[in-house]
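Take these sequences, add in the hints, and give me the full structure.
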Amino acid sequence: MTTVKLISTLMLCTFISLVTFASHGKTPTPTEQTGFVKELEMFAGYLGTWESNFAVAEGERPVIDVTRWERALNGKALKTIHSINNGEYGGESYIFFDHDKQALVFYYFTTANFYTQGSLEIIDDTSFAAYEDVTGNENGITKVKSTSKLMGETISVSTSYLKNGQWTKPQTRTYVRSTKDVIFK
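The numbering of the sequence shown is our numbering, which starts it at -3 and goes up by one.
Treat the hints with care, as some may be off.
[Unchecked claim] Just the calculated beta-carbon pair ranges, DEER-fashion:
id, residue 1, residue 2, range
1, Q98, D177, 35 to 41 Å
2, N109, V59, 17 to 23 Å
3, D121, T155, 17 to 23 Å
4, V101, K181, 25 to 31 Å
5, V101, L43, 18 to 24 Å
6, F180, N135, 18 to 24 Å
7, D177, F50, 16 to 22 Å
8, E54, E117, 34 to 40 Å
9, D121, N82, 31 to 37 Å
10, A108, T150, 22 to 28 Å
11, G136, L43, 31 to 37 Å
12, G44, Q162, 34 to 40 Å
No lab work stands behind these hints, which were simulated from the structure alone. Every residue gets a Cβ at the ideal spot worked out from N, C-alpha and C, and that includes glycine.
See the structure below:
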């Protein structure tokens, strides 16, 4: 047997052994069963791509937000990315359980040169509230609070902004499943 054939045979045997070991005699952990650590399990139904056509005043051009929710970092984080109007604005966030704070926290980075950090409060099996501190926003927004609720094939999001010291009236948007891509320029 040549050296190349011997190495190939050994690699194949190692691969088969690993697959056999990994698939037999082992009870899957909760993370392997759901894809997330227990603190993030409630987000499984949110996974996938969604879009919302924002309400705008008559005569204004449409505002369409496309967002994708995905499992990240071996199920220890949730990643969301979104873009508005094919990349005019967009952002990316990571949500994870902070063991020191014993809380779900997140960071959100944007194409508009500002970022937010905050915490999430689970309301029930399908709803959560987010509280954000904003850094670097040029429009006077310093805090954001929102509530999201998964309702079958839609997500309802209600958001208020602390702008120039005053909370704005909540804006509610409905997201539906989508096949569109999240686009950045």
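Fill in: Hints violated by the structure (numbers, ascending)
none
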